[in-house]
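Trainee: Chain by chain, the residues run as shown.
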Amino acid sequence: MEPTDPRSTLLADKHVEFIKRLDKKHDELEYWMTEHLRVSGIYWGLVALFLLDKPAALDHQQIVTYILGCQNSDGGFGGHTNHDSHLLYTMSAVQVLLMLGALDQIDTKRVTDYVVGLQRDGMVSGDEWGEQDTRFAFIAVAILSQLGTLEQLDTQGIVDYVRSAMNYDGGFGSGPGGESHAAQVYTCLACLAILGQLHVVDRERLSGWLAERQLKCGGLNGRPQKLEDVCYSWWVLSSLEILGRVHWVDRQKLCGFILSAQDEERGGIADRPGDVPDVYHTCFGMAGLSLAGFKGYALKPVDPVYCMPKDIVERAGLGSWTDKVPESWRE
Amino acid sequence: MRIDGCSDIEDPAPLAQQAAWQDVEPIAQDDGPSPICPIAYTDEYREMMGYLRAVMAAGEESARALALSGRVIQANPGHYTAWVYRKRLVEALASDIGAELDWVSALSAKHPKNYQLWHHREALVERLWPARAALALPEDQRLANPVLRRELQFVGSALDEDAKNFHAWSYRQWLVARYELWAQELAFVDTMISQDVRNNSAWNQRYFAVLRGRPATTQLDAALARAEVAYAVEHIQFAPNNDSPWAYVVGLLLRHAPAALHDELLPRIRALAADPGFAPAMSSTPFYWSALVDIHEQQARALPPAERAPLLDEARAICDRLATQVDITHNRYWRFRKTAVGAA
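Same order as they appear, the protein sequences are chains P and L.
Letter by letter, the first sequence follows residues 2 to 332 of the working numbering.
Letter by letter, the second sequence follows residues 4 to 347 of the working numbering.
I should point out that these hints are in silico values taken from the structure, not numbers from a laboratory.
Remember, it's a predicted structure, so these values are computed and weren't measured experimentally.
A few of these clues could be false.
What the hints assert, rightly or not - Dumping the calculated EDC-like pairs for lysine to aspartate or glutamate here, alpha-carbon to alpha-carbon at most 20 Å: (1) P:Lys25 to L:Asp46; (2) L:Lys341 to P:Asp203; (3) P:Lys227 to L:Asp199; (4) L:Lys90 to P:Asp75; (5) L:Lys116 to P:Asp128; (6) L:Lys116 to P:Asp230; (7) P:Lys217 to L:Asp246; (8) L:Lys167 to P:Asp230; (9) P:Lys227 to L:Asp163; (10) L:Lys90 to P:Glu129; (11) P:Lys227 to L:Asp165.
Unchecked claim - With beta-carbon atoms standing in for the labels, derived distance ranges: (12) L:His265 to P:Asp54: 53 to 59 Å; (13) L:Asp105 to P:Glu315: 50 to 56 Å; (14) L:Ser197 to P:Gln253: 38 to 44 Å; (15) P:Gln253 to L:Thr221: 41 to 47 Å.
Positions of the beta carbon are idealized from the N, C-alpha and C atoms, including for glycine.
Isolated chain L (complex conformation) (with noise of 0.2 Å):
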């Protein structure tokens, strides 16, 4: 069980007959009297962790404690226990922070979902660079920053092995608004969305880099909600029975520009769905009604209450459309719909 590029995963000896290690009496694992989980262990994992246990019991901080618990990691990233004596070797051996950065990077090429590693990478980077020195710089001399640009890289390639990586996202996005790197985000979430038109995870990053950190009742101003408009129209041309850039477009414009989904984005769409290149596909598909319902909801939410009986109606015909023709997987759902239409 190595890792290339890791030096302190050493002699693959087993423990017992390494010279380093013959002052320590392994424990072996108790599982008491009447074991209802005896664990069943491979050799060289059994011979590791007795000698892991055995340090921890010491309370020993050493380098070859450090190399031991990496060893137990990686055969067994989950193993939360050898991640916690772990971290406090780091602290109380003051250990190169950059070192120990390259050896979370090669793990996590292994183990891409595993939540430790992560939170581990962000404490060691704040570390590295704290937020309050970076912040008093302009961004782009934090952009250029070694430390940064080596993390947005190492979150762009995981991000490249596995474009939905709900912690690689988390992660950037911890990055990003921790270090205020605002400015180059969409950029990057254009170049994930064009990859993948379809990455719901790139269209909620597009919504996090467009707020910038802001409260939810943020008001956009006029001009980024036409630009956002024709940004999602853009992409619903490409693939218009995709869930992600409806949702997103709606979901931004109820929040934060509500006239933008009657001024903007109505007309788009509807000039969309009248031009015969993609009236088929726009007709047949449920985000597009589904759209038309929140537009009309929200229309008549700007009327006088007398006034809104013909929005509602269209929107509760829609609705009917959904249930009987266009969505009757989620039929259930839009006859519930229908009920609620103008309720709020």
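In isolation and in its complexed conformation, chain P is listed as follows (with noise of 0.2 Å):
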């Protein structure tokens, strides 16, 4: 039998197992240390299944009473039984929820009145402490996307500070001022996609910017004389692709780095070769081999402003913020 090359073959039953096994490892320091962000965890770990068509590898209704039950009196969801809630775990959680198809289990106003409330003098806040970001620009507007309430939201006040985060060189920071960052460029462009403002977007110089990232070694960097790693194979891709313009990366060297990144052993994606696996870069690095239009596999097509498998955005009435791309971005 021949040995699998990682850098050119999927190792898909290694990953399904990694991602099992996830809630098995007692014996990691790694494990109780991300207790806080578990929710994300999960979430992270389900777009990798779905995107290789595993759906059924972990079960769904124990996830779904897991999920549920990180659900507080305020609204919002916690990283975990008994955390505080945040913006962030209430995305992961709703996005968890809606791949389930468990979504009408949530009562959608408390969840709604929840991000609502972070929402202060246009922009939202990351949590009652008032943090301030792009990402949360973002997820309020995922959040009550998917839940059917944007409508709540103070839209205008958003893409306000989204704007004022645009930079010289045509990305994003994560305010204004921030330096350019391929993570909230991601955010900020997916942000404008919902709302259907994307023509404030400099979409040829962004698109510069975006192309840059991808180094000698195939990999993507996440702004310049930055070193490559595989989530921003997810960052940079996902922009590119909400752009129309993911087919200025050289897409066949990215996969292999990607595929170069795979842990052979244990399964599971590194940031790059030679590091330990997580479930965060096995995301990422999925979605962004599906976005890339790997062949080795047949993974499933990923939407870039959810990050969740398109037939399920589509399904759930989400896919429409297509139709609100610029005109004359349509070659």
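Please dock the two separately framed chains into a single complex, following the hints provided.
Mentor: What follows is the structure, given as structure tokens:
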């Protein structure tokens, strides 16, 4: 039997086992150190499984019960049971429930009120303590669009904030003046896409900036002069996909890079070759492979705005953001 | 798990053996009847979390609770709920904000990229010396204030450790903008750029320092534009194949002094490219040619449509050169960029 070359083969079965084993790693310190974001861990694992077309590998009912148990009296969700609410974990919770067809098991109004309650002077904070970041602009919009209650948010205030975070290089930072960073670019573009405001973007300059993220090794970095990291396969590629320019990077080389970061023994994908894998990089590596059109496995298509399988996004009526992309962008 | 200099991290003996905690019954982690995420703990962490859950459930507001929240955060700075509890305790106990800032500083040395630490710091500084009070003083007096001096020094140290720490730069921007410490910032940026001309974060900060919080539509005067062009080109000379100064000067001028692209930048980079000492480096860097595309497009914009063709043709020819010779790695980008020349 020929050994599989991890650089050209997606070790799908190993990744499925890696994800299934996540809740059994009693001997690993990292496990309890990440308790506070367990809900997001589940979201990342589920996305990877769905894209691998192995959605049943985890017990859906158990997950739903657990997620519902993470909701607090303020309507938001914490990262684990008995953890305080935060926008980040509320997002992951809603996405997981959407993917598992269980969104009807939460009170939409309670979650909406929680999110809307975090908006002050136009911008949305991550929590009651007021941290502001363009990530939260996107998350608030994404959550409410999934709940069908977007009209309850002052979306103009959010658009204004996102626009103020646009930099001289066409990129977006975490707030006004903040250095352009691929993850922030994604959140800003995804936010503008849902709100049908992509026309405010400097499409040429930003696409060029994103294309420049690709290094000779095929991997992508998050800002100039920094190292490549598998997670940028998502942040950069999803951004380019929204801009309609994903062909501006060498996708084959990128796939080679992502695959080389797989862990042949344990399964899972790491931030770069040779490092320890984790579920976060497994999710975004998988999503990157899907967006890049990797041919070595029948990955499910992924929606670049929601980072969920396209068919689920469409069934939920959320795929219409594509209709609001500027006319001039449709080549 | 101790942090030197933190006096509230006391007795490392298990909490169950400490007299001060005898009255508390710890609450064990409840993962539910069929846990899908059963969690393994080390004994020490398990014990701390049990006591933390107990005092949180009881709504306790005390010094020991504050100390315990600190220990949990030390062990796991991403533990969001421990932070929430701590912030409430700091308020409820009217804790000494200076001491709290000391504690945050000591922890930050080990966790320079933790969001909560930086955000907590912001809140503490604002409480220690509200901006409204600070802004009643002239800038040199603000700078002399011990709170702000300490903060500038702290964020400077964080950047000494990691000159590209996103959180540190973000915090510095908050500090400089909130307390209007603009006069000193350009000198700081210059120091950072001198230390590493390739530090993109520092160049981003230069833009921030030059603009001084003014709107994106601000037009810079000719003298300032000229000075920034000279600065950028001087640093391009050190390392022509360096993205940051090119992106900075082209971006700055496009937004705030477009005429200077042709009047100031073009002659300087052309001169550098013609200089035998620099010609090979300049002609082989994609950033030089990319800047020319931007400059020619801007020049064309300033002309009547009937007269734009030669400049736009030149820009397209440069895109070809980039795609086929100078920047083959990004050839797909350059081929499409060519089709977009003159479109906007």
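Trainee: Any of the earlier hints contradicted here, and which numbers?
Mentor: none
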